[in-house]
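*Asks:* Heads up: the sequence lines are chains X and B, in that order.
Residue 0 is where the first sequence starts when you use numbering that gives the first Met the number 0, and the numbers rise one by one after that.
Residue 0 is where the second sequence starts when you use numbering that gives the first Met the number 0, and the numbers rise one by one after that.
The set of hints was computed from the structure by calculation and includes no laboratory data.
Cβ atoms here follow ideal geometry from the backbone N, Cα and C, with glycine treated the same way.
Check before you lean on any hint, since a few could be wrong.
Pairs of lysine to aspartate or glutamate residues, derived as EDC-like cross-links and limited to a Cα-Cα distance of at most 20 Å, are as follows [stated by the list, open to error]:
hint	chain 1	residue 1	chain 2	residue 2
1	X	K86	B	D104
2	X	K175	X	E126
3	X	K86	B	E13
Just so you have them, the derived chain B footprint on chain X, three or more residues with Cβ under 8 Å [as the list claims (entries may be wrong)]:
hint	region
4	56-66
5	72-83
6	99-106
Listed here are the chains, written in short residue letters.
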Amino acid sequence: MIEVRDLHKAFGKVIAVDGATFSARDGEITGLLGPNGAGKTTTLRCLYTLMRPDGGSVVVDGFDAAVDPIAVRRRLGVLPDARGLYKRLTARENIAYFGRLHGLDPATIRTRSDAAIAALDMGDIAERRTEGFSQGQRVKTAIARALIHDPKNVILDEPTNGLDVMATRAMREFLKRLKREGRCVLFSSHIMQEVAALCDRIVIIARGRVVADATPDALRAQTGQSNLEDAFVKLIGSEEGLAA
Amino acid sequence: MNSFVVVFLKEVRENLRDRRTVLNTLLTGPLFAPLLFVLLINTVVTQELEKAEKPLPLPIVGAQYAPNLVAALKQQNVDVQPAPADAERAVREQDADVVLRIGADFGTYWGKGEPAQIEIIYDASQRFASTQAGRLRALLEQYGERTGAMRLLARGLSPNVLKPLSLAERDQSTPQSRASQLFSMLPYFFILGGFIGGMALAIDTTSGERERQSLEPLLANPVPRWQILGGKLGATSAFATTSVLLSVLAFAVVGRFLPAGKTGMTLEIGPLFAAGTMLVMLPLTALLATLQTLVAAFAKSYREAQTYVSLLMFVPAIPTMMLSFAPVKTQTWMYAVPLLSQQVIITRLLRGDFVPASGFAMSIVGSVAALTLAYALATAIYRSERLAISA
């Protein structure tokens with residue numbers, strides 16, 4: 000369970016997040032939707048405590064990020080916008096490094112890695128050094144290492160960015176699987192169809208503010224548009240930055 | 000397992016797989032500096048020795064005006080050569096180190112018993128010219144004194160009239176201390192070894208990691224940043240220390256090929272020297288690794304970091320330069336200043352001079368204090384938000 004209340008963050012004069020409030024529930028997929036530059040990445044960075052908000056609060060499973068950031072990070076699995084791997088380590092070594100940083104014992108790391116490698120269908124690349132991996136292979140490895148500690152909450156920043164059709168489909172299936180396992184899944188996207196196809200709840204963010212927070216059906220009803228894309232355009236007030 | 004150890008082991012393992020880094024740490028860093036040093040010293044010493052023993056080549060202008068003088072010089076191992084057309088020009092163009100010019104009126108003055116002028120033409124800015132001119136001056140003065148003594152005797156006076164002082168020089172330098180002037184550059188070469196050894200990791204673990212976009216995911220782990228930084232610094236220090244250790248060992252081996260004996264100098268390159276050097280170099284190496292990391296973390300990109308870290312390499316040269324061009328008496332406070340204390344202690348060890356235990360203690364305490372400060376500064380930088388953001 001992730002709760003964001005009245006979040007503010009500015010860089011100098013540029014206001015990135017301007018009073019965002021929303022929550023993401025366990026067993027649901029929540030989509031953070033917005034045009035480029037709307038403040039999605041900054042919001043997520045405040046969630047996984049990479050940045051300190053100027054105001055407002057972030058609470059994960061009852062832990063306040065401002066009070067106990069380590070406890071918050073322990074409960075989160077994060078696929079950030081930056082997803083670089085260590086190219087001189089194999090995929091499995093990359094995953095194990097994060098497992099050790101979470102304080103897991105070698106046996107647990109072994110079982111969890113095996114499970115993730117099977118679930119993400121990456122058995123053929125697990126023992127290879129990650130130098131020269133394709134975008135899809137890199138994302139798979141980054142997800143496996145982000146989930147090595149079996150977190151209750153999963154945050155993904157534009158997880159399908161740069162993936163081809165097949166990899167995108169596999170990613171969607173994987174997100175649904177995380178949801179079935181009862182996790183709280185929060186991901187950001189600027190692609191309408193993707194959010195519509197996956198999410199139980201859509202949070203639309205524009206200019207650092209939450210302009211809508213509802214189920215896809217409720218959004219359609221709220222705006223009076225039968226098409227989600229039209230609903231989106233109406234909500235953010237322009238067609239700027241709307242990528243298909 | 001402690002996160003510090005986890006980060007440390009991962010950085011060490013990852014960098015051991017990088018051939019260039021390993022080559023720099025195990026080969027270039029430790030060997031380049033001592034080899035260059037030995038080569039340099041060898042060339043200098045050998046040339047000095049050869050110049051001192053070989054006949055002095057001397058073009059003489061106007062040799063015919065002073066045949067007795069020229070004959071006397073020839074007896075003193077001077078190789079008299081024909082006069083160049085333009086003496087000043089020959090010296091400037093380095094065709095001759097030194098030229099002697101005797102005026103046409105030499106015989107007239109000599110005959111009257113008045114000072115007869117002769118000129119030594121040389122260029123003091125040339126490496127060996129001063130030495131050669133000095134040799135020639137000594138020979139001419141000897142000849143002059145001898146002649147003067149004979150003239151006094153001929154007038155019934157004792158030559159001692161002209162010698163109110165009986166001068167005797169008692170040089171207190173030991174063979175080691177004479178060598179140490181040449182070797183005051185040595186500490187810098189050790190420091191340089193550590194620099195080269197730690198450079199790759201200092202950059203790779205900071206701006207390199209950020210540029211490869213793996214720093215943000217790393218910081219999302221539930222580990223305090225100072226522990227992550229500690230592991231990275233530990234790995235960088237380990238590589239730098241390995242470099243220094245190999246560097247000291249390499250010097251202990253190639254140092255035996257130094258022509259120190261030829262110049263009557265002896266060097267104390269033994270286990271004691273190696274142990275003492277490592278003792279004072281350890282905290283300094285960690286300090287330098289931290290400074291390298293600090294500077295690299297500041298940089299916006301890998302390339303920028305390389306520039307900054309390379310510039311940083313010149314900082315340790317400052318005390319070395321100061322002490323080798325303007326040698327000063329060792330003061331107690333010097334033992335407390337990082338870089339300076341290593342310079343002083345290593346040079347003294349090499350000379351076989353006594354280094355008090357308090358000197359070692361002050362050096363270590365001073366360097367560790369600076370290290371703590373640098374580490375605190377690096378931690379502060381690591382806490383900043385700007386650090387993690389790659390894009």
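*Asks:* Hint by hint, say whether it matches the structure.
*Replies:* Structure-based check of all given hints:
no.: 1; hint: X:K86 - B:D104; verdict: violated, 84 Å
no.: 2; hint: X:K175 - X:E126; verdict: violated, 27 Å
no.: 3; hint: X:K86 - B:E13; verdict: holds, 9 Å
no.: 4; hint: 56-66; verdict: violated (count 0)
no.: 5; hint: 72-83; verdict: holds (count 10)
no.: 6; hint: 99-106; verdict: holds (count 4)
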